[in-house]
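Student: So the protein sequences, as listed, match chains A, B, C and D.
Start counting the first sequence at 7; every next residue gets the next number (our numbering).
Start counting the second sequence at 7; every next residue gets the next number (our numbering).
Start counting the third sequence at 33; every next residue gets the next number (our numbering).
Start counting the fourth sequence at 33; every next residue gets the next number (our numbering).
These are calculated hints, taken from the structure and not from any lab test.
Some hints here could point you the wrong way.
As the list claims (entries may be wrong) - Only pairs whose alpha carbons sit at most 30 Å apart, straight line, appear in this in silico DSS-like list of lysine-lysine: (1) A/K68 x C/K151; (2) C/K78 x D/K151; (3) D/K46 x D/K151.
For reference, the chains in residue letters:
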Amino acid sequence: MVTIKFFASLREEVGKNEVQIEAGEQLTIAKIWNQVCDGIPLPNHVLMAINMEYTDLNSLVKDGDEVAFFPPVTGG
Amino acid sequence: MVTIKFFASLREEVGKNEVQIEAGEQLTIAKIWNQVCDGIPLPNHVLMAINMEYTDLNSLVKDGDEVAFFPPVTGG
Amino acid sequence: MLVKIIPNEFNPWKYLQEHELQAGKFGATATFIGTMRDYNVGDTVKSMFLEHYPNMTEKHLQKISNIALQRWDILDTLIIHRVGEILPGDNIVLVAAWAGHRAPAFEACRFLMEELKAKAPFWKRETLVNNEVRWVDAN
Amino acid sequence: MLVKIIPNEFNPWKYLQEHELQAGKFGATATFIGTMRDYNVGDTVKSMFLEHYPNMTEKHLQKISNIALQRWDILDTLIIHRVGEILPGDNIVLVAAWAGHRAPAFEACRFLMEELKAKAPFWKRETLVNNEVRWVDAN
Chain A
7 MVTIKFFASL REEVGKNEVQ IEAGEQLTIA KIWNQVCDGI PLPNHVLMAI
57 NMEYTDLNSL VKDGDEVAFF PPVTGG
Chain B
7 MVTIKFFASL REEVGKNEVQ IEAGEQLTIA KIWNQVCDGI PLPNHVLMAI
57 NMEYTDLNSL VKDGDEVAFF PPVTGG
Chain C
33 MLVKIIPNEF NPWKYLQEHE LQAGKFGATA TFIGTMRDYN VGDTVKSMFL
83 EHYPNMTEKH LQKISNIALQ RWDILDTLII HRVGEILPGD NIVLVAAWAG
133 HRAPAFEACR FLMEELKAKA PFWKRETLVN NEVRWVDAN
Chain D
33 MLVKIIPNEF NPWKYLQEHE LQAGKFGATA TFIGTMRDYN VGDTVKSMFL
83 EHYPNMTEKH LQKISNIALQ RWDILDTLII HRVGEILPGD NIVLVAAWAG
133 HRAPAFEACR FLMEELKAKA PFWKRETLVN NEVRWVDAN
C-alpha cells in the first residue's frame, strides 16, 4: 500500500485528506496524482514529497511509501 | 580655552589624559597635536573629533571647543 | 542543535535565556523572531491557523540546521516554530545561531530563516475581521 | 530608539522582553549579542576593560540608529553597550531592530553592528592569564 496525503489549500481543492492505494509496477508521482485526483489538473507550483523528502513528478513510488502533495509553503 | 582629550592606548603613548590650551588664530587640529604632544609624531590611523563629531587634521578649532584624539575603535 | 514545533504560545527570550552555551566559548548570538501582525496585504487579520506536515517539517528544519552547521563556523543553532491557532502579537518563529564571531552568526541566522520560509512545510490560513478565511499564498 | 551605555552586567533577554512594541504592529525582530570570549588571537583572556568616550559614544550610537531608521522600513531600534571591567561570558553589546517584515529587520540589525564596530568610540584592553595587559587593535 502507498499512503497519499494532501495539505492546506490543496487538501480543500482536492477534497481529500489521506488516501491509500495499491503500489503497482512503475508507479510514479504523476500517475498517483492522476489516479487519485479524479481528473483535477495538477496545479502549478504544487510541491511533492516521498517519505518526507522533496521529489518530482517522475519519481518512482514503492510499496510502503508515504507520498504528499502540498501548495507552496508560507511559514515563518 | 580649548580642551584636548586622549583616549585608550593613545593616552598612554602621549602620557596625557586631558590638556587645556589657549585658542589662538587659525588653530587647526594638526597644530594642536604638535603643540601638545612634544614632538611625538602623529601615529597612523589616529582618529580625531571636535565637539564629539569626527573631523580631520585641517579642521579649525575655536575657543570653547573640545578636541579628542584616539586610536581605532574596538567596541562591540 | 534544537528544532521544536510547539502548539502553544511561547516566550522566545525565555527559550534563548535557557539555551546556555559554555560561557567564554562563544562571542556572537544572532536571533530572529517572526511575530503575527494584525494586518496583511492591506487587510486586518483577526487570527491565523498554522498547519504543518508532522515529522516532515521537523526533518526539514533539522536538515537546514545541519547545512548551516557545516557551511558556517558556528557553534549551535535553534529553531522553534509555532503551529495551530494563533492571534496577532503571538510569536510564530524563533531562529538563533551562536558563533565565535559575528559574521557567521548573522549569516547562518539569515540563511535558516530564508530556507525555512522557502521550503519548510508550514501553511498559514488567516481569518480576516469580516470572518473571511483565506490561505496565505505570498511569502 | 533606545541607546544605553551601562557599567554593570546586563541580561539582554530581559531588556528585549521589556522593550515591548504594540502587539500586532510588528512582524520581525532581529537581534545580535556580542559576548566576551575567554580567548582572542590565540591567547587565553582573563578579563577585559571597556573604555569609551562619554557622550560622544552615546551621540554616535544615536546617529547610526537614526540613519538605520531612515534607511530601512523599520519601527524601532535598540543598542545597549557595556563599559568597564568585564569577564568572559559577560555580554558586551546588544543590538535589535523591529520591522513589519524580515528583510529590513535583518539588514538594519547588521548595519548597526557593523557601524558600531567601525566608528563608535569604544576601546578594549585585555588582561591575559599571564597578567600581560594589551589593547585590542584588531576588530
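Student: Look at each hint and say if it fits the structure.
Tutor: Evaluation of the provided hints:
1. A/K68 x C/K151: Holds, at roughly 24 Å.
2. C/K78 x D/K151: With Cα atoms ~44 Å apart, C/K78 and D/K151 exceed 30 Å; violated.
3. D/K46 x D/K151: holds (27 Å)
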